[in-house]
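Enquirer: Take a look at the letters that make up each chain.
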Amino acid sequence: MAELTYREAVAEAIAQEMRRDDSVVFLGEDIAKAGGVFKSTVGLWEEFGDLRVRDTPISEQAILGAAMGAAMTGLKPIAEIMFSDFLAVCWDIVCNQIAKSRYMTGGQVDMPLVIRTANGGGARFGAQHSQSVENWAMMIPGIKVVAPSSPADVKGLLAAAIRDPDPVIFFEQKSLYATKGMVPDGEHVDEIGKAKVLRNGDDVTILALALMVPRALEAAERLQLEKGISATVVDIRSLVPLDTKTILSEVIKTGRVVTVEENPRLCGWGAEISSIIAEECFYDLDMPIVRITTPHIPLASADELEDLMIPSVSRIFDTISREVD
Amino acid sequence: MDVLMPQMGETVAEGTLTVWHKSVGDTVSSSDILFEIGTDKVEMEVPALADGVVKEICVEAGETVLVGTKLAVIEEEGIKESIEETYVENQIIDTKKSTDIIAQTNISKRDRIDRSMKLSPVVRKLLAENNLTHNDIKGTGRNGRLKRSDVLSYLEDNKSNKQYLPDTSSRVAEFNDKTIIPFNHRRKMTAEHMVRSKATSPHVLQAVEIDFSKVEKARYQLGPDWKKREGYSLTYLPFIARALCSAIKDFPKLNGHIEEEKLVVFDRVNLAVAIDLDFEGLVAPIIKDADLKGVTEIARAINELAIRARAEKLTADDYLNATYTVSNNGSFGTLITAPIINQPQVAILSTDGVSKRATVIEKDGEDLIAIRPIGILAQSFDHRAIDGSYSGAFMRRLKEILETRNWAEIVS
Amino acid sequence: MVKRAQTKKKASAKQARLNDDIGEETRLTMYRLQLEIRHLEQRAHDLFFQNLIKGTSHLALGQEAIASGFGAALRPNDYTFCTYRGHAHTLVRGTSMTGMLGELMGKECGMLQGKGGSMHLTDVEKGAMGSYAIIGAHLPIAAGAAWQAQYNKTGQVAVCFFGDGTTNIGAFHEALNFAAIWKLPVVFVCENNLYMEYTPISDVTAVEHPAADRASAYGLDSIIVDGNDADAVYRIAVTAFDKAREGGGPSLIEAKTYRHSGHSRADPASYRPKGELEAWLKKDPIPMYRQRLIDFGVKESIVKNIENSVIQAVDEATEAAKASPPPPVDYAFTDVWADGGSSWRN
Chain A
1 MAELTYREAV
11 AEAIAQEMRR
21 DDSVVFLGED
31 IAKAGGVFKS
41 TVGLWEEFGD
51 LRVRDTPISE
61 QAILGAAMGA
71 AMTGLKPIAE
81 IMFSDFLAVC
91 WDIVCNQIAK
101 SRYMTGGQVD
111 MPLVIRTANG
121 GGARFGAQHS
131 QSVENWAMMI
141 PGIKVVAPSS
151 PADVKGLLAA
161 AIRDPDPVIF
171 FEQKSLYATK
181 GMVPDGEHVD
191 EIGKAKVLRN
201 GDDVTILALA
211 LMVPRALEAA
221 ERLQLEKGIS
231 ATVVDIRSLV
241 PLDTKTILSE
251 VIKTGRVVTV
261 EENPRLCGWG
271 AEISSIIAEE
281 CFYDLDMPIV
291 RITTPHIPLA
301 SADELEDLMI
311 PSVSRIFDTI
321 SREVD
Chain B
1001 MDVLMPQMGE
1011 TVAEGTLTVW
1021 HKSVGDTVSS
1031 SDILFEIGTD
1041 KVEMEVPALA
1051 DGVVKEICVE
1061 AGETVLVGTK
1071 LAVIEEEGIK
1081 ESIEETYVEN
1091 QIIDTKKSTD
1101 IIAQTNISKR
1111 DRIDRSMKLS
1121 PVVRKLLAEN
1131 NLTHNDIKGT
1141 GRNGRLKRSD
1151 VLSYLEDNKS
1161 NKQYLPDTSS
1171 RVAEFNDKTI
1181 IPFNHRRKMT
1191 AEHMVRSKAT
1201 SPHVLQAVEI
1211 DFSKVEKARY
1221 QLGPDWKKRE
1231 GYSLTYLPFI
1241 ARALCSAIKD
1251 FPKLNGHIEE
1261 EKLVVFDRVN
1271 LAVAIDLDFE
1281 GLVAPIIKDA
1291 DLKGVTEIAR
1301 AINELAIRAR
1311 AEKLTADDYL
1321 NATYTVSNNG
1331 SFGTLITAPI
1341 INQPQVAILS
1351 TDGVSKRATV
1361 IEKDGEDLIA
1371 IRPIGILAQS
1381 FDHRAIDGSY
1391 SGAFMRRLKE
1401 ILETRNWAEI
1411 VS
Chain C
2001 MVKRAQTKKK
2011 ASAKQARLND
2021 DIGEETRLTM
2031 YRLQLEIRHL
2041 EQRAHDLFFQ
2051 NLIKGTSHLA
2061 LGQEAIASGF
2071 GAALRPNDYT
2081 FCTYRGHAHT
2091 LVRGTSMTGM
2101 LGELMGKECG
2111 MLQGKGGSMH
2121 LTDVEKGAMG
2131 SYAIIGAHLP
2141 IAAGAAWQAQ
2151 YNKTGQVAVC
2161 FFGDGTTNIG
2171 AFHEALNFAA
2181 IWKLPVVFVC
2191 ENNLYMEYTP
2201 ISDVTAVEHP
2211 AADRASAYGL
2221 DSIIVDGNDA
2231 DAVYRIAVTA
2241 FDKAREGGGP
2251 SLIEAKTYRH
2261 SGHSRADPAS
2271 YRPKGELEAW
2281 LKKDPIPMYR
2291 QRLIDFGVKE
2301 SIVKNIENSV
2311 IQAVDEATEA
2321 AKASPPPPVD
2331 YAFTDVWADG
2341 GSSWRN
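So the protein sequences, as listed, match chains A, B and C.
Just so you know, the numbering used here puts the end of the first sequence at 325, numbered straight through with nothing missing.
Just so you know, the numbering used here puts the end of the second sequence at 1412, numbered straight through with nothing missing.
Just so you know, the numbering used here puts the end of the third sequence at 2346, numbered straight through with nothing missing.
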């Protein structure tokens, strides 16, 4: 076990997989010589060189298009889209081409690629560089969607994504890059499609993703200490495939569920999960399903405004205190 | 003015102060370079940004500190040290304000339902599965809400009875010349309820004799076709139930619940009908809005309830909000019964046997003896809320309806 | 381009022409390819009016020479990418006619199991890496395939066919720049048929030659070729392929042509000025090529043989496709993921 930062875990995962498999290649803007604008891919160009770690122009459509062409013909590319907001610039390649080619061609085309991107807010970058768009990806059939909350999960899930024969969008949360955590030594590969129960409690089940996970855990501590409310916290980790077995069994266990989502309210990932719970666990609910989300507005850049909008530990604590009797 | 460690890159959380260009006591102007900061990739010269004198240096050259850390203090010209710098800290704002503001954006246009009055899906399920009503268990949630944990605790406490499920027959232990029949779950529930009811309500019994001639006429005329069409007989009960509802219209206080020191009177009559399960126990599911139903509908509803009750297919909804109960012993030919009130209702009616008896009638001013179908209806009422005169007047009205209405023409 | 020898003696002239850089065998191949495309597209046109082909169909009638010229120059392991007007480019890679007609008719025997339709014809085994219905998307994708070839040093080339309208979309510019700076072995072929859907290309393009006039923006040569002359196309193709295989990077080729039918479906193309279609019909590539073969001394009987066998092949494929049942319902749920399934939860 070693203590790594979230950003170091990214580079380690990529290095682990590139050492193991020559067909893994990596492209993106400023990822090679500069080690990435978030310093998340430092050392890769030095180790693997120009042929395997390549800087590109500012051409999101070309980046993802090239990744797709390479994946179709035998390589395993990792493409970086610097800010997840920029997925909008190349969304055609994501949702019309990458997601659908295997299906439309009757299974002929392979698509073993990973799109890594820095998602979410908290860094005061303003509305066009702070969005949480994991729900955009969840909505398109044919893409796997992963969003880790800890360095260990970054390493394990990114390695799994790279080995996955299907296209995966890997959402890293930019405010988590500096956070630290223990990561297993040696080869570490996790499983996509498996949620993790990080805390066990009897009174309410909290479902969270990425940055919202550490906040939910902190709120759960306060709830226990100050209100005697014992909360289960589930880190969803993958939106597609979704670990409904784990989620539903944790909901049935407590009878109460709260989602904590960084995405804006409408059609957030919690809305879909709430609908599944309402349909399949209706007779196990002791409380209406509650969603804690960023409100349905663009994110402001000023410190206080951004902190107000993105669900905070306090807001999670207050909401659950109020709703759980 | 406080000099703070600036943020050099978007992702950088700390910085190293590499060189001080000024010392404590030096005069600086705003464009003078005050210090340098660096990382392995970037080095930057930082100007003083204020005119004045360096009053304090807080961080040594070579130290690495978090962004925002105070590095030095410059006492600006014209500004006295004694004036406190008000520095607005970068902190998460008042949490209550944040939660409220956000909540406003999501507030539904409908009034928030007072959840304490509703049974949640899991509570309903547990009650139905265990043949309980919400009245059986005390709620400890907000505003007295019956929570899942309340039901689960209740079941846990009564776990020793779990083995006695309603659909298993009572265990019989042979013991010399005695037979011991332990109370099954339903028996126990009934026992508790009866004791509690008697302990709670001062019961008063009032009875009237009813001449069922007109009812009998309807039964005679409609009976055969009814039997053929519906598959079961048309009994007295639907007529009594219908008359009851009409009488309640004139004496509504009998259709209510006592809650502490209040009588809650209901507009609709949810008539609970006591149904015996082949001597294995008693259930009293309701005919919802019975006052809006005619004799035919009531008869059908009673039959349907009986069928479902015997098939153990009743749900929590079948017991919800009963307002008046009728207990029918007529098939045994009994004379009179003093029924026990179904809490928290205020009254209960017992119907007993109807048989041909000699009775005195008036005809053309003369008293004659006639043979008529006579039966006794007896009401137990709770003397906390109801007095004898009110109940008596109600019984008189009930008798009037049953004896004078032309049932044969009303029922199809 | 190689100059044709001009001699007065008929026999030696014939001989000389037959033994030129292209050769009889390749020419016969190109003739056959053009015929196959022509007859298949015409059959698709007819089946559409018989309501056996649904949805939409974009025919390449009149543009056969481009696909054929390139098709003859390609190696089996090269990659091709084309647009929704891609029946021709898929056919020249050797794909099954039954599979193609079956796909257009939505049958089980369709090359995409009835799941893609006319606009997405793909035969990965033959190197036909897809027909793309979003304008411009496949240009960077073709560059990616070329990247694989460069990375693995396989000597493969990726060829990307698109129309004049594509040169105005963002992905075109990104792909060209990208391929140029990475020196990828990809050949971009713009089939300029003078119309961007229903609008003359000149109305919507800032330069006269939509592709060739932009080549210099990417440091590439401006190349224009008569797209109705299969030989000319072939020669350009070979040059571009050689350059790419040797590591010389991408090429951008503008091939001038004309489509005989409308943009799609039953578009009567009434936006064309009077006389334009007739003028281009006079330059129909197939009769021109037929005459050239005869001029070169190929026997009439051989030519007729090719013609008959192509018609027969198209007829047989039509019957086989018609006889095929619709795809089974469970095909709808297969092949979203590599494991063949479509599940998003457990």
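Note that these hints are calculated values from the structure, not bench results.
We put the beta carbon where it would ideally sit given N, CA and C, even for glycine.
The reader is advised that the hints may include incorrect statements.
[Unchecked claim] Cut-off 30 Å, straight-line C-alpha distance, at most; resulting in silico cross-link-like pairs (DSS-like, lysine-lysine):
{"hint": "1", "chain 1": "C", "residue 1": "Lys2183", "chain 2": "A", "residue 2": "Lys39"}
{"hint": "2", "chain 1": "B", "residue 1": "Lys1198", "chain 2": "B", "residue 2": "Lys1214"}
{"hint": "3", "chain 1": "C", "residue 1": "Lys2126", "chain 2": "A", "residue 2": "Lys100"}
{"hint": "4", "chain 1": "A", "residue 1": "Lys194", "chain 2": "A", "residue 2": "Lys180"}
{"hint": "5", "chain 1": "C", "residue 1": "Lys2115", "chain 2": "C", "residue 2": "Lys2126"}
{"hint": "6", "chain 1": "C", "residue 1": "Lys2282", "chain 2": "A", "residue 2": "Lys100"}
{"hint": "7", "chain 1": "A", "residue 1": "Lys180", "chain 2": "A", "residue 2": "Lys33"}
{"hint": "8", "chain 1": "A", "residue 1": "Lys100", "chain 2": "C", "residue 2": "Lys2304"}
{"hint": "9", "chain 1": "B", "residue 1": "Lys1293", "chain 2": "B", "residue 2": "Lys1138"}
{"hint": "10", "chain 1": "A", "residue 1": "Lys227", "chain 2": "B", "residue 2": "Lys1138"}
{"hint": "11", "chain 1": "B", "residue 1": "Lys1138", "chain 2": "A", "residue 2": "Lys245"}
{"hint": "12", "chain 1": "A", "residue 1": "Lys196", "chain 2": "A", "residue 2": "Lys39"}
{"hint": "13", "chain 1": "A", "residue 1": "Lys253", "chain 2": "B", "residue 2": "Lys1125"}
[Said to hold, decoys possible] According to the in silico footprint, chain A covers these stretches of chain C (three or more CB under 8 Å from chain A):
{"hint": "14", "segment": "2099-2113"}
{"hint": "15", "segment": "2120-2126"}
{"hint": "16", "segment": "2137-2143"}
{"hint": "17", "segment": "2147-2153"}
{"hint": "18", "segment": "2171-2178"}
Enquirer: Against the 30 Å threshold, does the CA-CA distance of lysine 2183 of chain C and lysine 39 of chain A hold or violate the hint?
Expert: Holds, at about 28 Å.
Enquirer: Hinted pair, alpha-carbon criterion (30 Å max): lysine 2282 of chain C, lysine 100 of chain A. Please report holds or violated.
Expert: 42 Å, violated
Enquirer: Just to be careful, I want the Cα atoms of lysine 227 of chain A and lysine 1138 of chain B compared with a cutoff of 30 Å; is the pair within it?
Expert: 22 Å, holds
Enquirer: If you draw a straight line from the CA of lysine 2126 of chain C to the CA of lysine 100 of chain A, is it 30 Å or shorter?
Expert: 20 Å, holds
Enquirer: Is the Cα-Cα distance between lysine 180 of chain A and lysine 33 of chain A 30 Å or less?
Expert: 24 Å, holds
Enquirer: When you check the alpha-carbon spacing of lysine 1138 of chain B and lysine 245 of chain A, does it fall within 30 Å?
Expert: 33 Å, violated
Enquirer: Between the segment 2137-2143 of chain C and chain A, see if three or more residues pass the 8 Å beta-carbon test, and mark the coverage as holds or violated.
Expert: Coverage by chain A holds here, the residue count being 7 at a Cβ distance below 8 Å.
Enquirer: For the pair supplied as a hint, lysine 100 of chain A and lysine 2304 of chain C, is the alpha-carbon distance within the 30 Å limit?
Expert: 43 Å, violated
Enquirer: Test coverage of the segment 2099-2113 of chain C by chain A using CB-CB distances below 8 Å; three residues minimum.
Expert: holds (count 4)
Enquirer: For lysine 253 of chain A and lysine 1125 of chain B, compute the direct alpha-carbon distance and say whether it is at most 30 Å.
Expert: Within the cut-off at roughly 15 Å; holds.
Enquirer: Does the alpha-carbon distance linking lysine 2115 of chain C and lysine 2126 of chain C stay inside the 30 Å limit?
Expert: Judged against 30 Å, a Cα distance of about 19 Å means the pair holds.
Enquirer: Would the pair lysine 1198 of chain B and lysine 1214 of chain B pass a check requiring their Cα atoms to be no farther apart than 30 Å?
Expert: 36 Å, violated
Of the numbered hints given earlier, the model fails hints 2, 6, 8, 9 and 11; all others are met.
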